[in-house]
Amino acid sequence: MNMTKLKTLAAAMALLASGLASATTTYNAGAYSVTYDETTTLGWISSSYWSGSSYGFEWSLPTSVSLAHNGGPASSASFALPSFTLTANSGYTLSGNLLGSLGNIVYTEFNGPTSISSNATVSVNGGPDAVLPTAWLTKSPTNAFSGYFSGTAAPLPLAGVSSVEVKNAWISLSASADSFATITGQPQNKLKFDFSATPVPEPESYALLLAGLAAVGLITRRRKSR
-17 MNMTKLKTLA AAMALLASGL ASATTTYNAG AYSVTYDETT TLGWISSSYW
33 SGSSYGFEWS LPTSVSLAHN GGPASSASFA LPSFTLTANS GYTLSGNLLG
83 SLGNIVYTEF NGPTSISSNA TVSVNGGPDA VLPTAWLTKS PTNAFSGYFS
133 GTAAPLPLAG VSSVEVKNAW ISLSASADSF ATITGQPQNK LKFDFSATPV
183 PEPESYALLL AGLAAVGLIT RRRKSR
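Following my numbering, the numbering of the sequence shown begins with -17 at its first residue and continues without gaps.
Don't read these hints as lab results, they were simulated from the structure. One thing to keep in mind: the hints can contain errors.
Said to hold, decoys possible - Heads up, simulated BS3-like pairs for lysine-lysine below, C-alpha to C-alpha not over 27 angstroms straight-line:
#1 Lys174 x Lys121
#2 Lys149 x Lys172
#3 Lys149 x Lys121
#4 Lys174 x Lys149
#5 Lys172 x Lys121
None of the values given here were measured: they were computed from a predicted structure.
I would like the entire structure built from these sequences, with the hints used as guidance.
Put into structure tokens, the structure is as follows:
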């Protein structure tokens, strides 16, 4: 194979690797869209839901999100969570709070504790990045040696927000030194994001609303003057 063919093959492989490393997809849910990285361990959005103006979407945790520790020095395992951009679609606006939650991840432990932490970076309306403080999931024991982890991140206000980006998100599973422990993700464990999206009044509807309010005010003033 000559050098020209080698260079062409190398360029093609580099382009393919670049595309695979940055693969994204967009999920359109009507009121909103989510553009996200589908190459993480969690893969595709598993489901979405809504009730009235309340919306949400979630990923399922695969069993590969796990840690097994059999004594010896402390150990940990970290897994990338999906980066995504949440955007209000035309005719809608985001509102309320963006609430991220994760649970319920089962653990067993003997001779030492386990823990789960997470972190992420957030950007609102394309503004500067804000690194969120490390969040520790809450441990809920079911007996002396097992239980589950769950947690909800601090709410992010969405009033006046058209888009929010969450990136550089990780979850870290840890077991202490000399412990015998497991932490295991399962498909019924969910990484969820909940928020509100409300319709934006059409200009004609807004004008009619203002006209109606003005008419009511005029009638009220006339009645008071009699």
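Now for the hints, and whether the structure bears them out:
1. Lys174 x Lys121: Holds, at roughly 18 angstroms.
2. Lys149 x Lys172: Holds. Lys149 to Lys172 sits at ~18 angstroms (cutoff 27 angstroms).
3. Lys149 x Lys121: holds (25 angstroms)
4. Lys174 x Lys149: holds (15 angstroms)
5. Lys172 x Lys121: This hinted pair holds, its Cα atoms lying about 16 angstroms apart.
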